[in-house]
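Quick note: the sequence shown uses UniProt numbering, first residue 1, plus one each step.
In case anyone wonders, no lab produced these hints; they're calculated from the structure.
The C-beta atom is built at its ideal place from N, Cα and C for all residues, glycine as well.
Be aware that a few hints might be false.
Stated by the list, open to error - Below 25 Å or equal to it, Euclidean Cα-Cα: the simulated SDA-like pairs (lysine to any residue) are:
#1 K64 - V53
#2 K54 - P29
#3 K135 - P77
#4 K80 - S40
#5 K64 - L89
#6 K172 - L193
#7 K135 - V22
#8 K80 - S156
Stated by the list, open to error - Here are the simulated distance ranges between beta carbons:
#9 E190 - V51: 32 to 38 Å
#10 P17 - K69: 16 to 22 Å
#11 P161 - V133: 22 to 28 Å
#12 D52 - G78: 29 to 35 Å
#13 E56 - P17: 20 to 26 Å
#14 G151 - P29: 35 to 41 Å
#15 L30 - M1: 14 to 20 Å
#16 T49 - W117: 31 to 37 Å
#17 V133 - A18: 38 to 44 Å
#18 V133 - I160: 38 to 44 Å
#19 E16 - A158: 35 to 41 Å
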Amino acid sequence: MFTGIVEELGEIAAIEPAGDSVTLAVRGPLVTEDAVHGASIAVNGVCLTVVDVKDEVFTADVIKETLDKSSLGALEPGSKVNLERPVRLSDRLGGHLVQGHVDGVGEIISREPGERWDVVTVSLPPHLSRYLVDKGSITVDGISLTVVEAGADRFSVALIPTTLALTTLGHKGPGDPVNLEVDVVAKYVERMLGDRR
Numbered sequence: 001m002f003t004g005i006v007e008e009l010g011e012i013a014a015i016e017p018a019g020d021s022v023t024l025a026v027r028g029p030l031v032t033e034d035a036v037h038g039a040s041i042a043v044n045g046v047c048l049t050v051v052d053v054k055d056e057v058f059t060a061d062v063i064k065e066t067l068d069k070s071s072l073g074a075l076e077p078g079s080k081v082n083l084e085r086p087v088r089l090s091d092r093l094g095g096h097l098v099q100g101h102v103d104g105v106g107e108i109i110s111r112e113p114g115e116r117w118d119v120v121t122v123s124l125p126p127h128l129s130r131y132l133v134d135k136g137s138i139t140v141d142g143i144s145l146t147v148v149e150a151g152a153d154r155f156s157v158a159l160i161p162t163t164l165a166l167t168t169l170g171h172k173g174p175g176d177p178v179n180l181e182v183d184v185v186a187k188y189v190e191r192m193l194g195d196r197r
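Full structure from sequences and hints, please.
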């Protein structure tokens with residue numbers, strides 16, 4: 001379980017094909033401080049299992065299912081990625097409950113720069129629109145964000161200077177893919193109400 005509060009902007013050090021999967025090598029000095037084999041680290045919002053750690057770089061195997069249903073397949077060596085370690089039960093929940101299970105991939109449609117912030121509009125796969133509400137939560141590339149405006153096929157978020165400086169959303173532009181995870185609470189509520197009908 002994660003919070004969507006990105007700890008570090010890491011970098012893809014290498015990508016090694018392995019049949020229908022790949023092994024990602026990710027540079028992240030902060031998240032590797034206490035990482036061990038079998039630990040979880042979210043990479044652009046995708047929960048990955050650490051295989052090995054050495055010299056501030058961890059490796060993780062990414063299977064075809066994950067490559068097909070997330071934007072990780074578009075990464076290249078040198079790509080910047082958002083990194084977050086799992087939340088500890090003693091930590092504050094600064095963002096919202098994030099599982100690291102991507103629900104779909106959106107695409108940045110536009111950026112409107114403000115005086116100190118940007119409003120970014122992202123396309124939304126139609127099957128996810130029912131989970132978004134104005135002022136609700138969504139995770140974009142692993143970042144916990146508040147929805148400004150929710151539409152049938154798009155939504156907007158406002159990015160503060162810290163988010164622009166310390167995450168991938170400060171560097172991405174129109175046409176770039178982003179991983180989306182909707183609020184898990186909304187999915188459970190839908191399921192429970194559906195069973196009562």
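Indicate whether the distance between the beta carbons of V133 and I160 respects the range 38 to 44 Å. Violated: the Cβ-Cβ distance is about 21 Å, outside 38 to 44 Å.
Between K64 and V53, is the straight-line Cα distance small enough, at 25 Å or below? OK: K64 and V53 at ~23 Å, within 25 Å.
Assuming the hint says 22 to 28 Å, is it satisfied by the Cβ distance from P161 to V133 or not? holds (26 Å)
Holds or violated: 35 to 41 Å for the Cβ distance of E16 and A158? holds (38 Å)
Beta-carbon spacing of L30 to M1 - inside the hinted bounds 14 to 20 Å or not: Roughly 19 Å apart at Cβ, these two residues keep to the hinted range, so it holds.
25 Å Cα cutoff - pair K80, S40: holds (19 Å)
Does the alpha-carbon distance linking K54 and P29 stay inside the 25 Å limit? Roughly 10 Å between the alpha carbons, so the hint for K54 and P29 holds.
31 to 37 Å was suggested as the range; check whether the CB atoms of T49 and W117 agree with it. Because 35 Å falls inside the window, the suggested range holds.
Has the hinted range 32 to 38 Å been met by the Cβ atoms of E190 and V51? holds (35 Å)
Are the Cα positions of K80 and S156 separated by 25 Å at most? Judged against 25 Å, a Cα distance of about 22 Å means the pair holds.
Just to be sure I understand the hint, the distance between the Cβ atoms of V133 and A18 should be within 38 to 44 Å; is that true here? holds (41 Å)
Within a Cα-Cα threshold of 25 Å, do K135 and V22 meet the stated pairing? With Cα atoms ~37 Å apart, K135 and V22 exceed 25 Å; violated.
In the structure shown, a violation is registered for the earlier hints numbered 3, 5, 6, 7, 12 and 18, in ascending order.
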